[in-house]
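Colleague: Going by my numbering, the sequence shown wraps up at 128, each residue one higher than the last.
Hint data in this document are derived by calculation from the structure and do not stem from the laboratory.
We put the beta carbon where it would ideally sit given N, CA and C, even for glycine.
Treat the hints with caution; some may be incorrect.
[What the hints assert, rightly or not] Have a look at the derived ranges for each label pair, beta carbon to beta carbon:
1) 76 to 108: 29 to 37 Å
2) 75 to 109: 27 to 35 Å
3) 88 to 109: 15 to 23 Å
4) 58 to 91: 14 to 22 Å
5) 53 to 107: 13 to 21 Å
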Amino acid sequence: MSNNPSIAFQTKVFEDSAVNGKEPILGGKLRVKAVWVDESTCIGCTYCNSVATNTFSMESDMGRARAFRQDGDSTEVIQEAIDTCPVNCIHWVKFEELDDLRAQLEENGVHPLGMLPKVKRRIKPGKN
Numbered sequence: 001m002s003n004n005p006s007i008a009f010q011t012k013v014f015e016d017s018a019v020n021g022k023e024p025i026l027g028g029k030l031r032v033k034a035v036w037v038d039e040s041t042c043i044g045c046t047y048c049n050s051v052a053t054n055t056f057s058m059e060s061d062m063g064r065a066r067a068f069r070q071d072g073d074s075t076e077v078i079q080e081a082i083d084t085c086p087v088n089c090i091h092w093v094k095f096e097e098l099d100d101l102r103a104q105l106e107e108n109g110v111h112p113l114g115m116l117p118k119v120k121r122r123i124k125p126g127k128n
């Protein structure tokens with residue numbers, strides 16, 4: 001190994017810098033799998049958020065857990081958070097599946113915890 005710092009200026013830069021969607025956005029090591037929270041079955045217990053604080057947060061509008069950073073915690077810590085989930089709504093998935101899973105979640109709709117779903121028209125019972 002050379003102690004000559006000028007070598008850094010002589011090294012060729014990797015020219016293919018096209019974004020492919022698989023890079024860690026916030027820096028860090030890319031995992032083989034991504035972590036996914038099925039928010040439609042999450043009960044908002046906050047266990048995962050308490051264990052893996054750099055990976056999970058509680059979504060403020062719906063009151064459910066969400067993986068906001070894939071490289072926030074070690075694989076072991078994330079797995080511990082998955083193991084604490086009482087409803088098994090956290091899964092390891094392929095990175096390529098994330099967009100499809102998000103689309104399915106949006107299509108099915110998720111209601112905020114503790115609130116009744118919005119209805120277009122109330123049903124009024126007849127007077128007897």
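Colleague: Does the Cβ-Cβ separation between residue 58 and residue 91 fall within 14 to 22 Å?
Modeller: 18 Å, holds
Colleague: Using the C-beta atoms of residue 76 and residue 108, is the stated range 29 to 37 Å upheld?
Modeller: The hinted range 29 to 37 Å holds for residue 76 and residue 108, with Cβ atoms some 32 Å apart.
Colleague: At the C-beta level, are residue 88 and residue 109 separated by a distance inside 15 to 23 Å?
Modeller: Since the Cβ atoms of residue 88 and residue 109 sit about 21 Å apart, the hinted range of 15 to 23 Å holds.
Colleague: Given a hinted range of 13 to 21 Å, is it respected by the beta-carbon distance of residue 53 and residue 107?
Modeller: 30 Å, violated
Colleague: Could you see if the CB distance from residue 75 to residue 109 stays within 27 to 35 Å?
Modeller: 32 Å, holds
Comparing the model with each numbered hint stated earlier shows that hint 5 is the single one that does not hold.
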